[in-house]
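Once you've looked at the hints, dock chain B against the given chain A.
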Amino acid sequence: MLEFMDYVQAAFHAQSRWNVDNSYASLTTTAYNLLDFQIPQGLQLHVSSLSSPNFATSYTLGSRGVVDGSLSFLYSSLGLTVPSQSSDVRLGSLVRGYRHIKELQKPDELYLNEIWHAGRRVDRKDALLYGRLYLPTSTLEAMYLRRISPTRLLRLNCVSDDELPNGGSILALLRNDYAKYSTEYLYSTDSALLGIRGLYNFGYDPRNPEQQPSTRPPAHPWDHQNGRLSAGAEVYFSPMNKSGGVSCGLRFATLPIHSGFPYTMTLTVNPLMGNLSGTYSVKAGRDLSLSSRFDFNVYSYESDVVVGMELWQRKRQSPDTVWAHKLIRPDWQKPDEDVNGVLKARMDNNGKVGLLWECRAKELLVSLGAAFDMKKRDKMLGSVGLEVSYST
Amino acid sequence: MAFNFNWSPLIADTDRVREMLTSSLNKSPKPPIIVDDILVNELNLGSTPPELEILEIGDLAEDRFRGIFKMSYTGDAYLTLKTRVQANPLNTYLSTKPAFARPEPVAASSGLTIPLQITLSDIRLSGFVILVFSKTKGITLVFRNDPLESLKVSSTFDSIPFVRDYLQRTIENQLRILFMEDLPAIIHRLSLRMFNPEYQTAEAQEPRIDDTEQRARVPVDPFASPSQQAADGFPLSGNDDFNLNTPNDMYASFSQKNMLRLAALNESQRTLSLFTPSIRDAVYRAWASAADRDLATGTSTPVHRPTTLSRIQSTLGSQSGWSSAASQTSDASSHPTRPTLASLQSNPSVYSLSTNASRPRGQRKKKHRVVNLRKNKDGERDVGSDMASLSSGYTESASRSASGSAGPSISVTEPSSPPISRGREGEISTPPRSPRKKVGFQQDNTVGGDREATIRGRPPLTPHTRHNWQDEDTEKTPRASMILPDKPADEQPRPQRQELPRMHTLPSRPTLQPHPQARPSSSVRQEKGHVSRSSSEVSLRNLAPAAFNSDPGSSGGILEQAWMMKMANEIAKRVADEKTRQNVWSPEGEGEAPPAYVS
Numbered sequence: 001m002l003e004f005m006d007y008v009q010a011a012f013h014a015q016s017r018w019n020v021d022n023s024y025a026s027l028t029t030t031a032y033n034l035l036d037f038q039i040p041q042g043l044q045l046h047v048s049s050l051s052s053p054n055f056a057t058s059y060t061l062g063s064r065g066v067v068d069g070s071l072s073f074l075y076s077s078l079g080l081t082v083p084s085q086s087s088d089v090r091l092g093s094l095v096r097g098y099r100h101i102k103e104l105q106k107p108d109e110l111y112l113n114e115i116w117h118a119g120r121r122v123d124r125k126d127a128l129l130y131g132r133l134y135l136p137t138s139t140l141e142a143m144y145l146r147r148i149s150p151t152r153l154l155r156l157n158c159v160s161d162d163e164l165p166n167g168g169s170i171l172a173l174l175r176n177d178y179a180k181y182s183t184e185y186l187y188s189t190d191s192a193l194l195g196i197r198g199l200y201n202f203g204y205d206p207r208n209p210e211q212q213p214s215t216r217p218p219a220h221p222w223d224h225q226n227g228r229l230s231a232g233a234e235v236y237f238s239p240m241n242k243s244g245g246v247s248c249g250l251r252f253a254t255l256p257i258h259s260g261f262p263y264t265m266t267l268t269v270n271p272l273m274g275n276l277s278g279t280y281s282v283k284a285g286r287d288l289s290l291s292s293r294f295d296f297n298v299y300s301y302e303s304d305v306v307v308g309m310e311l312w313q314r315k316r317q318s319p320d321t322v323w324a325h326k327l328i329r330p331d332w333q334k335p336d337e338d339v340n341g342v343l344k345a346r347m348d349n350n351g352k353v354g355l356l357w358e359c360r361a362k363e364l365l366v367s368l369g370a371a372f373d374m375k376k377r378d379k380m381l382g383s384v385g386l387e388v389s390y391s392t
Numbered sequence: 001m002a003f004n005f006n007w008s009p010l011i012a013d014t015d016r017v018r019e020m021l022t023s024s025l026n027k028s029p030k031p032p033i034i035v036d037d038i039l040v041n042e043l044n045l046g047s048t049p050p051e052l053e054i055l056e057i058g059d060l061a062e063d064r065f066r067g068i069f070k071m072s073y074t075g076d077a078y079l080t081l082k083t084r085v086q087a088n089p090l091n092t093y094l095s096t097k098p099a100f101a102r103p104e105p106v107a108a109s110s111g112l113t114i115p116l117q118i119t120l121s122d123i124r125l126s127g128f129v130i131l132v133f134s135k136t137k138g139i140t141l142v143f144r145n146d147p148l149e150s151l152k153v154s155s156t157f158d159s160i161p162f163v164r165d166y167l168q169r170t171i172e173n174q175l176r177i178l179f180m181e182d183l184p185a186i187i188h189r190l191s192l193r194m195f196n197p198e199y200q201t202a203e204a205q206e207p208r209i210d211d212t213e214q215r216a217r218v219p220v221d222p223f224a225s226p227s228q229q230a231a232d233g234f235p236l237s238g239n240d241d242f243n244l245n246t247p248n249d250m251y252a253s254f255s256q257k258n259m260l261r262l263a264a265l266n267e268s269q270r271t272l273s274l275f276t277p278s279i280r281d282a283v284y285r286a287w288a289s290a291a292d293r294d295l296a297t298g299t300s301t302p303v304h305r306p307t308t309l310s311r312i313q314s315t316l317g318s319q320s321g322w323s324s325a326a327s328q329t330s331d332a333s334s335h336p337t338r339p340t341l342a343s344l345q346s347n348p349s350v351y352s353l354s355t356n357a358s359r360p361r362g363q364r365k366k367k368h369r370v371v372n373l374r375k376n377k378d379g380e381r382d383v384g385s386d387m388a389s390l391s392s393g394y395t396e397s398a399s400r401s402a403s404g405s406a407g408p409s410i411s412v413t414e415p416s417s418p419p420i421s422r423g424r425e426g427e428i429s430t431p432p433r434s435p436r437k438k439v440g441f442q443q444d445n446t447v448g449g450d451r452e453a454t455i456r457g458r459p460p461l462t463p464h465t466r467h468n469w470q471d472e473d474t475e476k477t478p479r480a481s482m483i484l485p486d487k488p489a490d491e492q493p494r495p496q497r498q499e500l501p502r503m504h505t506l507p508s509r510p511t512l513q514p515h516p517q518a519r520p521s522s523s524v525r526q527e528k529g530h531v532s533r534s535s536s537e538v539s540l541r542n543l544a545p546a547a548f549n550s551d552p553g554s555s556g557g558i559l560e561q562a563w564m565m566k567m568a569n570e571i572a573k574r575v576a577d578e579k580t581r582q583n584v585w586s587p588e589g590e591g592e593a594p595p596a597y598v599s
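Listed in order, the protein sequences are those of chains A and B. Using full-length UniProt numbering, read the first sequence as starting at 1 and increasing by one per residue. Using full-length UniProt numbering, read the second sequence as starting at 1 and increasing by one per residue.
So here's chain A without its partners, still in its complex pose (with noise of 0.2 Å):
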């Protein structure tokens, strides 16, 4: 389950029209949210606050052994205007699960944005600012973001602590989407690793007025036009320890037009280290997301498999309003419903099992873990968690 931050952060990308999903970074993130779920870890509780439109707070007690929390502290210039409210909250937008792509638009003009008053411009770019303190170990995150242009975001991100080298470090950012191709640049000052990420998108270019998407209908279930291929690659140096790291991916995602199930495929390749992964992720019913990745090691043979799902439990409907929805018609696109819990639940070759219940409880979001270990028998249970959130 996001947390509120997260949540909120994902609003300002949204609100800012910030295709996050068009990035090399994000190329498999369906098969991430299916496979590399986030298990809580001993006891948690949230609670957080959306008290304006520009300002948020929450604050965080755990307890893994010893007590600890966080203070953090948001701001955004761009008025976010979401349901906050832990009970009105769409579940489907915090659990993050089977993600669909959607269709590529064009950016926005640089002019649309232009606010002029009294013959000065008055508009200002949207930025977001973030900070968190977490207690007792002093750790300070800070995360500055910013809309340059419509199609340019810049992210810095900081953590001072004291048992870092130099105290703490500054990864910086610096987003450019184009729809039909996305670059990325980021700096990180520890140890001045440089890197580069790049994505391109095979087929329909949005800034080419004359092409428009496919629109026909598929021809059979299986009918690839209405999907996308992305392409991408990604290059990390750093020159002070002389080291860096290579990998390529290609993603083949089903768009909102395609009439059969929704399909994700992605392939990324390590050259150097011989990796290959491929994840394969299907939307196999309106409640169910299937994933599977497959791992394997050209040099070391060693090869590794997980397999996910997903599944979403409705709210039931009120016998009132039955009847009604009996009538509607099948093809009417209705508006989508909130769900009651989702429940996760994945495994890995080495017997590693995580189990994972988000469910919206009265007023509280309750996410409840566990993490098993098939081979260890005598300590078979690894992790338990529970994490309760409360948002206004």
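Heads up, some of the hints might be wrong.
[What the hints assert, rightly or not] Below, simulated DSS-like cross-link-like pairs (lysine-lysine); rule was C-alpha separation at most 30 Å, straight line:
#, chain 1, residue 1, chain 2, residue 2
1, A, LYS352, B, LYS27
2, B, LYS82, B, LYS97
3, B, LYS30, A, LYS375
4, B, LYS30, B, LYS152
5, A, LYS242, B, LYS30
6, A, LYS315, A, LYS362
7, A, LYS375, B, LYS27
8, A, LYS352, A, LYS379
9, A, LYS352, B, LYS97
10, A, LYS379, B, LYS82
11, B, LYS30, A, LYS352
12, B, LYS27, B, LYS97
13, A, LYS379, B, LYS30
14, B, LYS82, B, LYS27
15, B, LYS82, B, LYS152
[Said to hold, decoys possible] To list a few chain B residues with every Cβ distance to chain A over 12 Å, as calculated:
#, residue
16, SER23
17, SER28
18, ASP63
19, THR74
20, GLN117
21, SER150
22, ILE171
23, LEU183
24, GLN256
25, ARG261
26, ALA264
27, GLU267
28, ALA576
29, GLU578
FYI, nobody ran anything at the bench for these hints, they're computed from the structure. Since the model is a prediction, treat every value here as computed from it, not as a measurement. Where a beta carbon is used, it is the ideal one built from N, C-alpha and C, also for glycine.
Then chain B, alone, in the frame of chain A:
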């Protein structure tokens, strides 16, 4: 005083050192590049011993030693480590970074783990070693300077010069830390485990399966467990033996003389007597220890055990000759394989160990032994398994050394337990093997009778006083009277075995039980156990200090084992001689009454 520095037994017991090294290497948080446990695959201490030069001996006593050595090593020891490393630098880089400011690459950080084998060889050491030994606190060994001179690191990545250099550099640094910090801790723990029974119990709880199989087959060297059996000279024959510690403890810790003095001091305050005992004796520790020494020479024999004490004295008298002979022979025979300090070029003056130095310590020894046995009271079985595990990696050298000189002892001990041994396994009857078994150090935890054989193998060491023979007979009587010759001794229920000797022996030894009313009903075996122990204990124990004090390197226990082994061989020879002279025991004794009853 002579320092006998024995290298070959040090080589043998590498299993345990390997385990401790493995656990020590995996204890501290490893760098993220190492993704698996570090496994010590192979450890060979080589055949060349380090050269030791005594620079200073600060403190020297039977149970403590402090000295400074100059050590240089150019031997052929090698060590092989196995682990798996993460070959992707980005992966290890990212794992140390805070999650919030992590670049989060998609696949560039995917891992590639490579098995890595590192061999450390050509180790050159030179440095000053400070060695502090205390019987209760174990061995503390500290390097005064960084001892590592050079070292050759060969690994799986030798073909890549960058990696090779890096490994060489890193491992040298790690080894320096190991020598300066970890090795003292390891040695300390090892020595504690050897000398202090509290630390032995944990290992005794887990006898390995293959060990039990091996134990049934292979006669294990007795000296692998010096503190349990050989060093204490106390044959572990029954659980009830441990009860005897209580009276022993009494007169070991409260010496008669001190009690008298305290009483005098006390009374001097009550009465108007003009006699005031000098306070000095009571106050200064140095004086007290001097008094202790005086006491042990015989001024205060505990009144309730006159026979035991007198026998100790007589034993000592004959032992002094033996022990010196034994030390000489051990020196002579160990020249090719065990370089003593004298054989090195450090040119030390060779002191011959005088038994006078250790004789007065008889009282103190008993105190240590008392502590020892009480800890093991809960199970003799545990002790046995521990001994086996101690000597598991040791059998090769042990059998070599034992078979060399143990031949004469066949005739001595064979008759002592013929029914049991033959009924149990056939191999015992083969002469070349039996000595090791029959001398009494055979380790077999399943057969109680074997331990009893250890008792019987010993008495010829001592002058043949009447009590001594009686002791032996108490042991023999139950079996003779039960007429279960073919049955393994451990199948007999213990209470039965304890009842029988009591019936038979009580009348024959009234002097040995000054306080019969204070003893439990099964105290006969304790009594007997004590007597036989006191005789053999003195004989072996007197020599132990030499091994302890001369301990120059890592573990006094191992040295002690070597000493004991030599001693045992010598004793076995003695016993053989005596036997041929007197022919007291003959193998006919299955149904016959033992000598004590005949006489």
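Outcome of the hint check:
no.	hint	in the structure
1	A:LYS352 / B:LYS27	holds (25 Å)
2	B:LYS82 / B:LYS97	holds (27 Å)
3	B:LYS30 / A:LYS375	holds (24 Å)
4	B:LYS30 / B:LYS152	holds (22 Å)
5	A:LYS242 / B:LYS30	holds (22 Å)
6	A:LYS315 / A:LYS362	holds (13 Å)
7	A:LYS375 / B:LYS27	holds (23 Å)
8	A:LYS352 / A:LYS379	holds (12 Å)
9	A:LYS352 / B:LYS97	holds (25 Å)
10	A:LYS379 / B:LYS82	holds (27 Å)
11	B:LYS30 / A:LYS352	holds (23 Å)
12	B:LYS27 / B:LYS97	holds (22 Å)
13	A:LYS379 / B:LYS30	holds (24 Å)
14	B:LYS82 / B:LYS27	holds (16 Å)
15	B:LYS82 / B:LYS152	holds (16 Å)
16	SER23	holds (20 Å)
17	SER28	holds (17 Å)
18	ASP63	holds (43 Å)
19	THR74	holds (37 Å)
20	GLN117	holds (15 Å)
21	SER150	holds (27 Å)
22	ILE171	holds (19 Å)
23	LEU183	holds (29 Å)
24	GLN256	holds (56 Å)
25	ARG261	holds (57 Å)
26	ALA264	holds (61 Å)
27	GLU267	holds (62 Å)
28	ALA576	holds (54 Å)
29	GLU578	holds (57 Å)
Comparing the model with each earlier hint shows no violations; every hint is respected.
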